[in-house]
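Please construct the entire structure, taking both the sequences and the accompanying hints into account.
2 protein chains.
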Amino acid sequence: MCELLAMSANTPTDLCFSFTGLTRRGGATGPHKDGWGVAFYEGKGVRAFHDVDASANSRIAEVVQTSPIKSEVAICHIRQANVGEICLANTHPFIRELWGRYWVCAHNGQITGFRPAPGYYEPVGSTDSEALFCDILNDLRRHCDRDTATEVIVGRLVERARSYARQGVFNLLLSNGDWLFTFCSTKMASITRRAPFGPARLKDADVIVDFESETTPDDVVSVIVTEPLTTDETWDIYQSGEWRLWRQGEVIMQGSAGPN
Amino acid sequence: MCELLAMSANTPTDLCFSFTGLTRRGGATGPHKDGWGVAFYEGKGVRAFHDVDASANSRIAEVVQTSPIKSEVAICHIRQANVGEICLANTHPFIRELWGRYWVCAHNGQITGFRPAPGYYEPVGSTDSEALFCDILNDLRRHCDRDTATEVIVGRLVERARSYARQGVFNLLLSNGDWLFTFCSTKMASITRRAPFGPARLKDADVIVDFESETTPDDVVSVIVTEPLTTDETWDIYQSGEWRLWRQGEVIMQGSAGPN
Chain A
1 MCELLAMSAN
11 TPTDLCFSFT
21 GLTRRGGATG
31 PHKDGWGVAF
41 YEGKGVRAFH
51 DVDASANSRI
61 AEVVQTSPIK
71 SEVAICHIRQ
81 ANVGEICLAN
91 THPFIRELWG
101 RYWVCAHNGQ
111 ITGFRPAPGY
121 YEPVGSTDSE
131 ALFCDILNDL
141 RRHCDRDTAT
151 EVIVGRLVER
161 ARSYARQGVF
171 NLLLSNGDWL
181 FTFCSTKMAS
191 ITRRAPFGPA
201 RLKDADVIVD
211 FESETTPDDV
221 VSVIVTEPLT
231 TDETWDIYQS
241 GEWRLWRQGE
251 VIMQGSAGPN
Chain B
1 MCELLAMSAN
11 TPTDLCFSFT
21 GLTRRGGATG
31 PHKDGWGVAF
41 YEGKGVRAFH
51 DVDASANSRI
61 AEVVQTSPIK
71 SEVAICHIRQ
81 ANVGEICLAN
91 THPFIRELWG
101 RYWVCAHNGQ
111 ITGFRPAPGY
121 YEPVGSTDSE
131 ALFCDILNDL
141 RRHCDRDTAT
151 EVIVGRLVER
161 ARSYARQGVF
171 NLLLSNGDWL
181 FTFCSTKMAS
191 ITRRAPFGPA
201 RLKDADVIVD
211 FESETTPDDV
221 VSVIVTEPLT
231 TDETWDIYQS
241 GEWRLWRQGE
251 VIMQGSAGPN
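Read top to bottom, the protein sequences are chains A and B.
For the record, in the first sequence the residue sitting at position 158 is 158 according to the UniProt record's numbering, with numbers rising by one throughout.
For the record, in the second sequence the residue sitting at position 227 is 227 according to the UniProt record's numbering, with numbers rising by one throughout.
Hints should not be assumed to be uniformly reliable.
Note that the list lumps identical chains together, so a pair holds whenever it fits in one copy or between two copies.
Said to hold, decoys possible - Derived lysine to aspartate or glutamate pairs resembling DMTMM-like cross-links, with alpha carbons at most 20 Å apart:
1. Lys-70 <-> Glu-250
2. Lys-70 <-> Asp-53
3. Lys-70 <-> Glu-85
4. Lys-44 <-> Glu-122
5. Lys-44 <-> Asp-147
6. Lys-187 <-> Asp-204
7. Lys-70 <-> Asp-14
8. Lys-44 <-> Glu-85
9. Lys-70 <-> Glu-212
10. Lys-70 <-> Asp-218
Derived by calculation from the structure, the hints in this document are not laboratory data.
In structure tokens form, the structure reads like this:
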């Protein structure tokens, strides 16, 4: 399987603390050593890093851990391969352009033997995750356009997610750079940090951060993960079938597709 | 304007030497300080780095300079902005998926007021370069398919390039991971290194490499650039309108669209 991490913030914020915690699980405190990737939106652009090395030992991961790349939406994935060989083409997050925006996706789970309908978007690698992402985008392209209301787009995403979750495990992070759609099939949790900010301690590394010193009183920063990253904060656990749409650090829509 | 660098090799080869020379021109020995990017194919996957900082001072560029990322096709670009603001979305190379492969493109030049026909691929940023890339892919998607012979695809590319070069400056690097298409509107040069390998000295940095110690006798590695990178080798200068298709370090097709 693998682990997921996303951030939604109302001001460009770095991911160094959470990324440091997650990437320790890629070969040090966890078994997810079969590559990692992260995508940071900067305006409409995306800065992405992908590596087939274990993140705990990756020189590029070390640079990302210590470079304050600031973003309002970021998506990260560490991989323990099940479907698809260990190679760069199979490393999440996956990126495609739709309606003049980059869409970024990472998936946790497995839908054995998933066969997408043919469409414009095609997977490059051999994971079910990338095939699912292409299937989602093909569905949006067929049924929506750039002016379709977010509610309608999200409705379609929920419908697809419900269908996939019935076929296997489908925990999803998906963003178009404006909003971040999150779907929990089996595991997902979030935390929203806002004033008054306090300290937090990572589970996986001997690192404490004092968010007070790194933020302004108006900052709202949410982190969404498959497994909580800190020991001294209360994470909000998603129910099976629950989805939340994040924008600028806040949940702007949410609901349930029902338990699987 | 900007500068371009590509590599085509018959065995996975690192780009450290050439990349070091080129990136010095991004704010140190040259004025191309408005961002840089590089894409390395690894199998069907692509490892890309983009940065809006000057490459001569970029921490990520330093990691790429000193990490032997091995690839058979790589495309690199350093930017001096003319059309489009300095931002990540405007940083080459641009990447899109077509027929289950990633296509990568970098462009040197300017086609003022270029207005592409609407199509499936759309630019995310505001450069004429990305609009041209989308126009090329839309043309291929309309007129070809995954089984179209390379000769036919290249014929269409040459036709498009000829048309663009009449409207402005259009030096192009384009790859689908299998082959590398290069088109010279005003400036391009290449060098093919094969046994017996010798030393080479960079123009832009006090660096000499002895390729003999880093290669095997069967290696064939070609480098294609807008401005030669070394002082003690003879570069093969393209004519205006000339194109060459590279695969595994060799020119496999070439021709001329005529001078502009």
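How the hints compare with the structure:
Taking the shortest Cα distances, Lys-70 and Glu-250 sit within 20 Å of each other inside one copy (18 Å), while across copies they are farther apart (42 Å). In this homomeric assembly, Lys-70 and Asp-53 come within 20 Å of each other (Cα to Cα) only across copies, at 14 Å, whereas the closest approach inside a single copy is 24 Å. Taking identical chains as interchangeable, the C-alpha atoms of Lys-70 and Glu-85 lie at most 20 Å apart only when they sit on different chains, with a minimum of 19 Å there against 32 Å within one chain. When the C-alpha separation of Lys-44 and Glu-122 is checked against a cutoff of 20 Å, the pair qualifies only between copies, where the shortest distance is 13 Å, while the shortest distance within a copy is 23 Å.
Taking identical chains as interchangeable, the C-alpha atoms of Lys-44 and Asp-147 lie at most 20 Å apart only when both belong to the same chain, with a minimum of 17 Å there against 33 Å between chains. Taking the shortest alpha-carbon separations for Lys-187 and Asp-204, only the intra-copy value of 19 Å comes in at or below 20 Å, while the best inter-copy value is 52 Å. Taking the shortest Cα distances, Lys-70 and Asp-14 sit within 20 Å of each other inside one copy (4 Å), while across copies they are farther apart (30 Å). With identical chains, the CA atoms of Lys-44 and Glu-85 are at most 20 Å apart between copies only, with a shortest distance of 12 Å across copies and 31 Å within one.
Taking CA atoms no more than 20 Å apart as the test, Lys-70 paired with Glu-212 passes inside one copy only; the shortest distance there is 17 Å, against 43 Å between copies. Only within a single protomer do Lys-70 and Asp-218 lie at most 20 Å apart by alpha-carbon distance; the minimum there is 16 Å, versus 45 Å between protomers.
Going down the numbered hints, you'll see the structure goes against none, and every one checks out.
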